[in-house]
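K.L.:
Take the sequences, apply the hints, and build the full model.
Chain by chain, the residues run as shown.
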Amino acid sequence: MLKDELKQLLVEALRLEDVDPASIADDEPLFGGGLDLDSIDALELVLQLEKTYGIKIGSSEESRAALASINVLAEYIERHRSATSASVKG
Amino acid sequence: MDDALFFEAFDGHTAFGGAETTLDRLLRGESALAATPVVPEGQAEAVPLAAATPLALTTPPRWWPLLSDLVADIPGEGWGTRGRPVFLAGSNFGIDRLYEMGRGSAPDAQADSWATVHGIVRHLRDRFGWGPLIQPVSHACVSAQVALSLAAEWMEAGAAEKALVLSFDYIGPFVSAGFHSLKILNAGFPGPYEDRAIGSIGLGDGAAWAVLSRKPSPWRLVARSSWNEMHHFTANEAGGSGFRAVLEPLSPHLGGRPLWIKGHGTGTLEAGRLEATAVAARFPGAPLVSWKGGLGHTLGSCALVELVLAARGHERGRLPGTVGTRGPTFTPEVATEPFAPPARSDILLLCNAFGGAHGALLLRHEN
Chain G
1 MLKDELKQLL
11 VEALRLEDVD
21 PASIADDEPL
31 FGGGLDLDSI
41 DALELVLQLE
51 KTYGIKIGSS
61 EESRAALASI
71 NVLAEYIERH
81 RSATSASVKG
Chain X
91 MDDALFFEAF
101 DGHTAFGGAE
111 TTLDRLLRGE
121 SALAATPVVP
131 EGQAEAVPLA
141 AATPLALTTP
151 PRWWPLLSDL
161 VADIPGEGWG
171 TRGRPVFLAG
181 SNFGIDRLYE
191 MGRGSAPDAQ
201 ADSWATVHGI
211 VRHLRDRFGW
221 GPLIQPVSHA
231 CVSAQVALSL
241 AAEWMEAGAA
251 EKALVLSFDY
261 IGPFVSAGFH
271 SLKILNAGFP
281 GPYEDRAIGS
291 IGLGDGAAWA
301 VLSRKPSPWR
311 LVARSSWNEM
321 HHFTANEAGG
331 SGFRAVLEPL
341 SPHLGGRPLW
351 IKGHGTGTLE
361 AGRLEATAVA
371 ARFPGAPLVS
381 WKGGLGHTLG
391 SCALVELVLA
401 ARGHERGRLP
411 GTVGTRGPTF
421 TPEVATEPFA
431 PPARSDILLL
441 CNAFGGAHGA
451 LLLRHEN
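Read top to bottom, the protein sequences are chains G and X. Number 60 in this note's numbering belongs to position 60 of the first sequence; there are no gaps in the numbering. Add 90 to the 1-based position in the second sequence for this note's numbering, that's all there is to it.
None of these hints come from the bench; they were simulated from the model. Here the structure is a predicted model, which is why all the values come from computation and not from measurement. Beta carbons are placed, not taken as given, at the ideal position from N, Cα and C, and that holds for glycine. Hints are not guaranteed to be accurate.
What the hints assert, rightly or not - Once the Cα atoms are required to be at most 25 Å apart in a straight line, the calculated DMTMM-like pairs of lysine to aspartate or glutamate come out as:
| no. | chain 1 | residue 1 | chain 2 | residue 2 |
| --- | --- | --- | --- | --- |
| 1 | G | Lys56 | G | Glu44 |
| 2 | G | Lys3 | G | Glu28 |
| 3 | G | Lys56 | G | Asp18 |
| 4 | G | Lys56 | X | Glu360 |
| 5 | G | Lys51 | X | Glu135 |
| 6 | G | Lys56 | X | Glu131 |
| 7 | G | Lys56 | X | Asp163 |
| 8 | G | Lys51 | X | Glu131 |
| 9 | G | Lys56 | X | Asp285 |
| 10 | G | Lys3 | G | Asp27 |
As the list claims (entries may be wrong) - Partner residues aside, some chain X positions facing chain G, computed with beta carbon under 8 Å:
| no. | residue |
| --- | --- |
| 11 | Arg215 |
| 12 | Leu272 |
| 13 | Ile274 |
| 14 | Ala287 |
| 15 | Ile288 |
| 16 | Gly289 |
| 17 | His322 |
| 18 | Thr324 |
| 19 | Ala325 |
P.N.:
Right, here's the structure in full:
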């Protein structure tokens, strides 16, 4: 399931050794919340997401919006994966 | 007035050309930024870059003839000797050569001589006969601001009779790729202080010099201030405290004179909003302008390049507006069209950098 996959990726990419992926709520704010992530973490995460899902996040504003929560991020990836796939199919 | 500091002479250039040409083009609302691949290889995204010459990696670097022409016009003798220090500012000394090395280029001693600050200082000394008293200053985008402040401190401490500040930053693939990876350099063109959904900066070539002296001249450095938020490398404190803090030490020097403000205004949304808001709150009604939508961000050189343009424009009595900004702005004080400096006004010059660094200079035309 994409949301579980994203939680795992977040914990691994940011080396959140004390965080159990399952403990991250789908609607929990990823930034400004209990995970205590900052803008460097956001960059690391964006790079990992781009590499893993073949998407392109073009600006800091777009990445801030996409990383609001696991729910929002999953929806963003689904939408952009579809867009990439559609444009490849032509 | 005995302890007053003056700018005896100054000049600079941008991707448009010399200072006067740059002002002409900005006054016409033109931008030197062009959509350019972020790196030369592959299918790179095109981002706004403003280069004075084609972006090629050469030995000597493509910028050396440009810088040499600029430096050749610096008046005075004995630079780099006791009492006449040089403060050399920039944020990316040698980075193009390091990029080439990272791409697997062959060992090349001549090319490597441009890869370090020391090497570049040697080239300047060899070409212009300067002495060894050359102080490199590299503090990201406040480099020239810090160099100006250091030069002023040396003057005030009696360690310098005159001081030369020289700053340069010329863009290249390592720098553009770096900003691109931070997601603040993208395909959109910058609109400084514009309240829109997606922000972007542009990057541009820029170099400038100034001779600081006690000899009275029309341009007086009235006051300077610096502040570091110590908050986070890539983000400002969200309440805008740093943008306010750098302004406060200047208050005793304002003397009730009107102001216009040359802001930092790169085109990023959050910093632009914080800066415009802080300035409008402290100096309501004072015009605020940024020229980075026309020139790109000249990085470690921006404080001095923009000082030169501000002073020359002020002398003309006509200043360019915030080129690239077309929509609603964060505050009504943002000047989007050319304007005349208010009568008997001082110029407040602002500069920011990664790490929450802030700098401010108060400049007065004594006529």
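K.L.:
It remains to establish, for every hint, whether it holds in the given structure.
P.N.:
Going through the hints against the structure:
| no. | hint | in the structure |
| --- | --- | --- |
| 1 | G/Lys56 to G/Glu44 | holds (14 Å) |
| 2 | G/Lys3 to G/Glu28 | holds (12 Å) |
| 3 | G/Lys56 to G/Asp18 | violated (29 Å) |
| 4 | G/Lys56 to X/Glu360 | holds (22 Å) |
| 5 | G/Lys51 to X/Glu135 | holds (16 Å) |
| 6 | G/Lys56 to X/Glu131 | holds (18 Å) |
| 7 | G/Lys56 to X/Asp163 | violated (47 Å) |
| 8 | G/Lys51 to X/Glu131 | holds (19 Å) |
| 9 | G/Lys56 to X/Asp285 | holds (24 Å) |
| 10 | G/Lys3 to G/Asp27 | holds (11 Å) |
| 11 | Arg215 | violated (39 Å) |
| 12 | Leu272 | holds (7 Å) |
| 13 | Ile274 | holds (5 Å) |
| 14 | Ala287 | holds (6 Å) |
| 15 | Ile288 | holds (5 Å) |
| 16 | Gly289 | holds (6 Å) |
| 17 | His322 | holds (6 Å) |
| 18 | Thr324 | holds (5 Å) |
| 19 | Ala325 | holds (5 Å) |
Of the numbered hints stated above, those contradicted by the structure are hints 3, 7, 11, listed in ascending order.
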